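Asker: Below are the chains, spelled out letter by letter.
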Amino acid sequence: MNRYPLWKYLIVALALVIGFIYTLPNFFGESPAVQVSSAKATLKVDARTLDRVTTTLKEAGVESSGTFLDSNGVKVRLKDTDTQLKAKDLLEKQFNPDAGDPQYVVALNLLSSSPQWLTRLGALPMYLGLDLRGGVHFLLQVDMKGALTKRLDSVSADLRSLMRDKTIRHGGIGREGERIVIRFRDEETRTKGRNVLEDNQPDLQLADQGEGSDLKLIATLKPAALKRIQELAIKQNMGTLHNRINELGVAEPVITQQGADRIVVQLPGVQDTAKAKDILGRTATLEIRMVDDTPGALEAAMGGQVPFGAELYVERGGRPLLVKKQVVLTGDRLTDAQAGFDNQTQEAAVHLSLDSAGSRIFKEVTRENVGKRMAILLIEKGKGEVVTAPVIRTEIGGGRVQISGSMSTMEANDTALLLRAGSLAAPMEIIEERTIGPSLGAENITKGFHSTMWGFAAISAFMIAYYMLFGVVSVLALAANLLFLIALLSLLQATLTLPGIAAIALALGMAIDSNVLINERIREELRNGSTPQAAIHTGYDRAFGTILDSNITTLIAGIALLIFGSGPVRGFAVVHCLGILTSLFSAVVVSRALINLIYGRRRKLESLAIGQIWKPGNKAVQAK
Amino acid sequence: MEFFRIKNDIPFMRHALVFNVISLLTFLLAVFFLFSRGLHLSVEFTGGTLIEVNYTQAANLEQIRAGLGKAGYTDIAVQNFGSSQDVMIRLPLKAEQSSTKIGESVMAALNAEAPGATLRRVEFVGPQVGKELAENGSLALLLVIVGIVLYLAMRFEWRFAVSAIIANLHDVVIILGFFAFFQWEFSLSVLAAVLAVLGYSVNESVVVFDRVRETFKKVRGLSTPQVLDHAITSTISRTIITHGSTQLMVLSMLLFGGATLYYFALALTIGICFGIYSSVLVASPLVMWLGVSREHFIKPKKQIEGANEDGAVV
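Residue numbers (this note's numbering), protein chains in the order written: chain A, 162 to 785; chain B, 27 to 340.
Keep in mind the hints are simulated off the structure, nothing from the lab. Predicted model, so just to flag it, every value in this text is computed and none were measured. The reader is advised that the hints may include incorrect statements.
List of simulated lysine to aspartate or glutamate pairs, EDC-like, C-alpha gap at most 20 Å [to be verified]:
| # | chain 1 | residue 1 | chain 2 | residue 2 |
| --- | --- | --- | --- | --- |
| 1 | B | K120 | A | E590 |
| 2 | A | K438 | B | E149 |
| 3 | A | K436 | B | E130 |
| 4 | B | K157 | A | D304 |
| 5 | A | K436 | B | E149 |
| 6 | A | K438 | B | E130 |
| 7 | B | K243 | A | D702 |
| 8 | B | K244 | A | D702 |
| 9 | A | K205 | A | D259 |
| 10 | A | K608 | B | E130 |
| 11 | B | K157 | A | E590 |
Taking the hints into account, I'd like the entire structure generated from these sequences.
Answerer: Here is the structure:
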């Protein structure tokens, strides 16, 4: 009756083996490494970069214990922190000869030093949160109202030119809060205006207002359009942040959206918050200027004699380009940039949308400069970069601009990204900041580890003393629980924080409850005169219902924390919930399997090593 | 080894009134302190800036205060944190000041007046975040209460659900009362501990209720108080051992976890101690007064006669 079928033992064994494999990487620790990744969207890190890294290090005689390429970039594993610093300096010099204009991010990093076969299985050490490894955490709030206002302003400018084009007389167009108000003198014009708007502005919702000679048409953005603008704004800001953070040289930055209008930025290992904030808060601007193609001017500029009113830039392909200083258009006029395809040639292309004022200027400029080149520059920190420099083929009106020709889909995507980055959709504000020094992080790990270890030791000592062999089994089950929990955390790569470690400790402290329940039940059955085998059987069976109930109530609390918690609470809740689930398995199934292995096969079992059983002489209540 | 050698059922219910009066008094006292003193909320809830610095020698708090005062900071709290070398500085939110620069300017002021400080941790929380956290905390509490009541009502009986939640909410209030009385810092992790304790103590009541149900079903001719006494007596050894074990772990956190985990562990300790008391000695009498009786468990059994009733019955 106390025997498990073979498959149950196999499941337990399999779970233990898997648990062990995925826990293993945590024991190997991490070794110092240097990571080289691209600082620019237009630059890709590939096998050639890998070669370059390897040869650079070999030539300088720096020994590395492995270089490889992954989605983040090239990573070099090194044997100690001294060589790590040396390698970083070397690679920095090699990859970024001009320190003022970094092309690559060369950052210090840590790599799991577990053997290759483990990494190939996807077994990685637990992902440590910022409070354990040190770094900066920012929560940024995107000013959606600002984004909307900007959009509505550009829409009202569009409406003005639309009315003019269609020769509809209106008494003024203006933005009032989050709506656009268009005034008309008579009903007929208003109907005409309404029809025109309905045909040309699908994003707007229109309503009539006013009477007599003061008629109004109220235009508001449709909810779908509103949502699209907000989503675009946050995506655009995240993209911009990505580009800027690259400059900080952070190995594994985390940039994620939180809620509808917030962005979390986590920079592990960064200590210089002032610089980080400076870079995050910086605004990039986009400028469209004409290319100076006076014969001989470029050659003169190359020789050091830049003509008056022009500047020398380098194009993406590496060719020099002479650009006039006079700005034709700025990024404010650009409302969107998307990668796509040319309708006729099916070539990759970038589609730009300009607002009405921008379209008018663009139309004039293109009319006067057919056959010439224009340059789109991204200006950041007073330094410009040529994003693209297309040739003007015809006059372009209507504000829809397409840049195409000799670019891949990838390049079109990158260009669109850069163009959008130049016109940051909405202002952002830092609403939460957390900086944790590296020493504090290491200290937190030790403290968390010690708490768990001593707590575990105390519980083990007590359980074994009190329940003898059954205590040993309970402790083994508890150890299995710890193993499963750490394996799960490593497998899921859930972020482990200090509250998370506290949750591990607490999970162990609570998980022992199940074993206490079982052991007490078995003792009680023995006290009531059951045979040892029957006592084990009923003890486990009866305790299970109680264990389930009590764990579910605890789980309810955990889930509530998971749903509503943020930051440290969430870190706690994740581990807490996982801990409850693993404890159900380990306390009931694993401990039963052990007990069955020990006692299950003995037919004539006289007694159980579960500590002293004391039988009272008379009982008030005897359960039957 | 066996600690509990109880011959007869202990007549807990005879003293039910006394236990509940004690509970009520503690509860009222906690409420009183909550209102008169209020919680000492952490920066996470109030918004503001928290800076933790470390000195190689014992820090001179007066000097730090004076230095920061000179730099134009008013309404600051400077205190030791964990050891005499660690100092925690709290600054309130200021509308006119650029919040993002505070960390650096405080460090500059410290280096001028009380040199030798290394920055360990900066936390800045804007006003909108704090408000949201308080809201989410209350929502989480509400969800836990509703979830547990529903589950217990489904699994047992509404009387059990109501008594369990009352008994355990009273624990929560008492924990908060302690935090108000001693003006310990109430942070997000303390909130997490409070909610975890709520789930944990309810599980204590569940174990007792399980026994109550079982006794009602199996033994005839006992009055309700006798059934409750029997249930409590037969689970008391498990109650003490379980909580003792959990407390061992929490104690370890209290001793080795450092300043960050200190209040977290403290909240758990109070929660565990009062959890035993309330779930056993408060929840059970409540069930009794709400009028639970044998019929509540026998009737449905007859209706589902022949059905598989074995699985969930303990």
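Asker: Now tell me if each hint is right for this structure.
Answerer: Against the structure, the hints come out as follows:
1. Between the alpha carbons of B:K120 and A:E590 the distance comes to roughly 15 Å, so the proposed pair stays at or under 20 Å and holds.
2. For the suggested pair A:K438 and B:E149, the alpha carbons sit about 14 Å apart, so the restraint of at most 20 Å is met.
3. Using a Cα cut-off of 20 Å, the hinted pair A:K436 and B:E130 holds, with the two alpha carbons roughly 11 Å apart.
4. Taken as a hint, the B:K157 and A:D304 pair is honoured in the structure, with Cα atoms around 18 Å apart against an allowance of 20 Å.
5. The straight-line distance between the Cα atoms of A:K436 and B:E149 is roughly 17 Å, inside the 20 Å bound, and the hint therefore holds.
6. In summary, the hint linking A:K438 to B:E130 is supported, as the alpha carbons are separated by about 11 Å, within the 20 Å threshold.
7. Using a Cα cut-off of 20 Å, the hinted pair B:K243 and A:D702 holds, with the two alpha carbons roughly 17 Å apart.
8. A distance of roughly 17 Å separates the Cα atoms of B:K244 and A:D702; the hinted pair therefore holds under the 20 Å criterion.
9. With a C-alpha separation of about 18 Å, the suggested pairing of A:K205 with A:D259 holds against the 20 Å cut-off.
10. The suggested pairing of A:K608 with B:E130 is violated, with an alpha-carbon distance near 28 Å, which exceeds 20 Å.
11. Restraint check for B:K157 and A:E590: satisfied, since their Cα atoms lie roughly 17 Å apart, inside the 20 Å limit.
The structure fails to meet hint 10 from the earlier list, while all remaining hints are met.
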